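Q: The listed protein sequences derive, respectively, from chains S and Z. For reference, each letter of the first sequence is one residue, going 31 to 401 in the numbering used here. For reference, each letter of the second sequence is one residue, going 25 to 328 in the numbering used here.
If you're looking for bench data, these hints aren't it; they were derived computationally from the structure. Where hints are given, some of them may not hold.
Said to hold, decoys possible - Dumping the calculated DMTMM-like pairs for lysine to aspartate or glutamate here, alpha-carbon to alpha-carbon at most 25 Å: (1) Z/Lys134 / S/Glu356; (2) S/Lys396 / S/Glu385; (3) S/Lys335 / Z/Glu321; (4) S/Lys321 / S/Asp192; (5) Z/Lys107 / Z/Glu242; (6) S/Lys166 / Z/Glu324; (7) S/Lys167 / Z/Glu198; (8) Z/Lys107 / S/Glu356; (9) Z/Lys107 / S/Asp395; (10) S/Lys36 / S/Asp316; (11) S/Lys223 / S/Asp316; (12) S/Lys396 / Z/Glu198; (13) Z/Lys194 / Z/Glu321; (14) S/Lys167 / Z/Asp319.
Model, not experiment: these values are computed from the prediction.
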Amino acid sequence: MKKDLKIRLLEVFSPIFAFIIAVLLSSLIILAINKNPIEVFYTMFKFSFRRIDSIAIILYNATPLIFSGLAVSIGFRVGLFNIGVEGQYLIGAFCAALVGFAIKGLPSFIHLPLVILSAILGGMLWAIIPIYLKVKKGVHEVISTIMLNYISLSLIHYFIADLFLDRNQKVVLGLGSTLIRMPKIMPSALMPKMHGFLSLFGINLPNHVYLNWFFPIAIILSCVIYYVIWYTPFGYELRAVGFNPIASKVAGINPNSLYIKGFLLSGAVAGLVGLSDLLGYFGYMDLDFPKGYGFTGIAVALMGKNNPFGIILAAILFGFLNRGAEGIQTFLGVPMDTVVILQALVILSVVVVSEVMIRYIRYLDKKGAKI
Amino acid sequence: MIISEMLASAIRMSIPILLVALGAIYAERSGVVNIGLEGMMMIGAFWGALGAYYYGPFIGIIFAMFAGLVFALIHAIVCVTFKVNQIVSGVAINILAYGVSRFLSIIIFKMATTSPPVEGFKDLNIPLLDKINVLKPLVTHISPLIVIAIILVPLTSFVLRRTVFGLRLKSVGENPLAADTLGINVFKMKYYGVLISGILAGLAGSYLSIEHTGMYVEGMTQGKGFIGLAAMIIGNWNPLGAFLASILFGFAEALSMRVVENGIIPYQFIKMIPYVLTLIVLSGFITKSTPPAADGEPYEGSEG
Numbered sequence: 031m032k033k034d035l036k037i038r039l040l041e042v043f044s045p046i047f048a049f050i051i052a053v054l055l056s057s058l059i060i061l062a063i064n065k066n067p068i069e070v071f072y073t074m075f076k077f078s079f080r081r082i083d084s085i086a087i088i089l090y091n092a093t094p095l096i097f098s099g100l101a102v103s104i105g106f107r108v109g110l111f112n113i114g115v116e117g118q119y120l121i122g123a124f125c126a127a128l129v130g131f132a133i134k135g136l137p138s139f140i141h142l143p144l145v146i147l148s149a150i151l152g153g154m155l156w157a158i159i160p161i162y163l164k165v166k167k168g169v170h171e172v173i174s175t176i177m178l179n180y181i182s183l184s185l186i187h188y189f190i191a192d193l194f195l196d197r198n199q200k201v202v203l204g205l206g207s208t209l210i211r212m213p214k215i216m217p218s219a220l221m222p223k224m225h226g227f228l229s230l231f232g233i234n235l236p237n238h239v240y241l242n243w244f245f246p247i248a249i250i251l252s253c254v255i256y257y258v259i260w261y262t263p264f265g266y267e268l269r270a271v272g273f274n275p276i277a278s279k280v281a282g283i284n285p286n287s288l289y290i291k292g293f294l295l296s297g298a299v300a301g302l303v304g305l306s307d308l309l310g311y312f313g314y315m316d317l318d319f320p321k322g323y324g325f326t327g328i329a330v331a332l333m334g335k336n337n338p339f340g341i342i343l344a345a346i347l348f349g350f351l352n353r354g355a356e357g358i359q360t361f362l363g364v365p366m367d368t369v370v371i372l373q374a375l376v377i378l379s380v381v382v383v384s385e386v387m388i389r390y391i392r393y394l395d396k397k398g399a400k401i
Numbered sequence: 025m026i027i028s029e030m031l032a033s034a035i036r037m038s039i040p041i042l043l044v045a046l047g048a049i050y051a052e053r054s055g056v057v058n059i060g061l062e063g064m065m066m067i068g069a070f071w072g073a074l075g076a077y078y079y080g081p082f083i084g085i086i087f088a089m090f091a092g093l094v095f096a097l098i099h100a101i102v103c104v105t106f107k108v109n110q111i112v113s114g115v116a117i118n119i120l121a122y123g124v125s126r127f128l129s130i131i132i133f134k135m136a137t138t139s140p141p142v143e144g145f146k147d148l149n150i151p152l153l154d155k156i157n158v159l160k161p162l163v164t165h166i167s168p169l170i171v172i173a174i175i176l177v178p179l180t181s182f183v184l185r186r187t188v189f190g191l192r193l194k195s196v197g198e199n200p201l202a203a204d205t206l207g208i209n210v211f212k213m214k215y216y217g218v219l220i221s222g223i224l225a226g227l228a229g230s231y232l233s234i235e236h237t238g239m240y241v242e243g244m245t246q247g248k249g250f251i252g253l254a255a256m257i258i259g260n261w262n263p264l265g266a267f268l269a270s271i272l273f274g275f276a277e278a279l280s281m282r283v284v285e286n287g288i289i290p291y292q293f294i295k296m297i298p299y300v301l302t303l304i305v306l307s308g309f310i311t312k313s314t315p316p317a318a319d320g321e322p323y324e325g326s327e328g
């Protein structure tokens with residue numbers, strides 16, 4: 031009993047412990063450029079939690095990362111490594127942008143769900159190829175999704191700069207040329223901000239904050255996925271295959287069918303990653319559409335231990351780091367890329383610490399067995 | 025004339041891909057998947073430009089190879105010693121390389137995305153052949169790194185087939201347990217494989233910044249590290265095959281620049297060729313590809 035408690039505690043604290051190691055390592059880098067790490071991290075905190083609007087920005091930053099972390103974690107649960115979230119969300123966002131500008135005259139309560147649905151389908155579509163190649167041809171999903179990420183980049187580039195380029199833009203005075211972007215999405219397809227709702231509780235956010243309803247949607251989706259993974263037969267089979275595909279096959283579960291369902295679900299969630307930015311901030315898709323959420327999502331899923339609620343916390347932590355990064359660059363002249371380094375170190379230390387911990391638990395088990 | 029010009033341009037484009045592909049062969053033959061090569065190339069491009077800026081191109085490539093080595097060492101410690109998932113580590117290495125090169129670029133060059141122009145090596149001309157007009161683009165103004173990269177192809181072949189080191193490296197990637205029982209130090213061989221791949225990826229990066237562009241530009245690797253992996257796969261984990269695949273990809277890239285001028289096919293589609301081709305080859309539509317048997321699996325050690 032006491033040993034079980036010890037193991038539980040180790041499991042809960044290992045990501046925190048790993049984070050501290052990553053912070054210490056990046057402190058060395060800050061020291062190397064003659065800055066005081068304590069001052070840097072203190073400034074990050076002060077800058078981030080100084081005002082309520084700053085906290086709202088952190089939640090806005092966290093929104094795409096929750097979706098992305100969830101998408102990666104669903105893959106992990108069934109034993110697949112979805113590095114392709116990056117490409118899946120770009121395709122998803124493109125489909126959303128397409129439906130958002132091409133269909134006109136719909137009321138918002140039809141148009142917005144339609145746009146979200148097309149993003150989901152876009153993400154799923156881009157997940158079909160790697161899972162088909164895996165199940166039918168035995169191609170490892172990591173290699174195929176890496177290749178598909180680059181294919182999607184080129185494809186999106188072509189769509190934005192060529193096929194669906196907005197050619198009706200007026201040249202803004204003083205700006206020599208038009209922007210390379212798709213036509214603007216109809217207002218009926220944009221996601222409203224949370225400002226009105228929050229002001230009911232006396233929280234008044236300024237206009238430069240873009241926190242929108244995708245944040246609560248991300249939280250609700252996390253709960254739904256938690257329920258599906260832990261309390262439904264489908265979730266049970268998913269975990270069984272992820273844990274041991276051969277044993278589940280013996281038990282009458284078809285691993286391939288679960289691989290397909292799990293990966294498509296992962297792709298569907300991945301399709302939602304870019305929407306908070308697309309429908310809550312930009313309002314159109316251009317070549318500078320944010321990239322890299324798919325990779326940060328891997329860090330979020332690892333840090334959150336593939337648990338939806340852990341993922342929410344990890345995403346908020348990363349959202350805070352990105353917000354704090356602006357602070358240290360503005361006030362201390364420390365490059366904001368310190369935070370990128372920190373994120374990479376978090377990934378490495380989380381996996382190393384959890385590996386060491388697994389070995390330690392195995393050692394404890396062995397010791398227990400001897401007595 | 026136009027053909028030899030195209031070919032010369034294809035070779036120039038294929039060199040960084042080839043160097044990464046050769047590096048990837050060393051890593052994967054030892055059984056370690058290294059998708060961090062993209063990042064090692066990126067960090068090599070930065071340190072190459074840095075060294076070349078202050079001390080000239082020779083020190084530049086030394087810096088680049090050393091930087092690649094350091095990042096490869098991280099990968100090796102995490103994957104071989106701690107036996108962590110090799111893909112996770114590779115993803116982290118790529119993010120780390122991106123962050124570190126931006127960070128250092130701001131600190132050293134005061135700009136996040138570019139370095140000042142740097143000086144490259146003196147070009148070589150092949151004597152006698154450079155008198156023939158038709159061959160002129162192929163045999164004049166050659167970077168010494170091109171020569172080194174091409175020599176590395178038969179050299180790698182020789183190392184893998186004929187030397188004790190190469191045979192041990194391959195045995196570790198095929199069946200580590202058997203290699204271990206024969207007294208081969210599995211962990212040491214895997215370290216060698218990963219470290220060599222890092223050195224070559226660093227060299228590939230420095231070719232881009234010192235020789236190809238004449239400066240460091242953020243994101244200049246443009247996925248060439250992954251194309252290198254693709255070249256290795258299409259080349260079926262063999263140096264000569266990887267060489268041919270690299271030339272093919274280099275040719276596609278050279279072509280994409282010509283096509284922009286003419287505008288027949290959107291150049292974005294030409295850019296997809298390496299990736300689409302890799303998917304097709306992996307699916308077994310053209311040839312059968314066979315990776316080393318124990319590729320990507322951490323070795324637990326004989327007692328575990």
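Q: None of the hints should be skipped; say for each whether it holds.
A: A quick look at each hint next to the structure:
1. Z/Lys134 / S/Glu356: holds, 17 Å
2. S/Lys396 / S/Glu385: Holds: S/Lys396 and S/Glu385 sit about 17 Å apart, inside 25 Å.
3. S/Lys335 / Z/Glu321: It holds: about 22 Å lies between the C-alpha atoms, which stays within 25 Å.
4. S/Lys321 / S/Asp192: Answer holds: S/Lys321 to S/Asp192 is near 20 Å, not above 25 Å.
5. Z/Lys107 / Z/Glu242: violated, 32 Å
6. S/Lys166 / Z/Glu324: violated, 30 Å
7. S/Lys167 / Z/Glu198: holds, 22 Å
8. Z/Lys107 / S/Glu356: Judged against 25 Å, a Cα distance of about 36 Å means the pair is violated.
9. Z/Lys107 / S/Asp395: With Cα atoms ~20 Å apart, Z/Lys107 and S/Asp395 stay inside 25 Å; holds.
10. S/Lys36 / S/Asp316: violated, 51 Å
11. S/Lys223 / S/Asp316: holds, 21 Å
12. S/Lys396 / Z/Glu198: violated, 31 Å
13. Z/Lys194 / Z/Glu321: holds, 14 Å
14. S/Lys167 / Z/Asp319: With a Cα-Cα distance of about 18 Å, the restraint between S/Lys167 and Z/Asp319 holds, given a limit of 25 Å.
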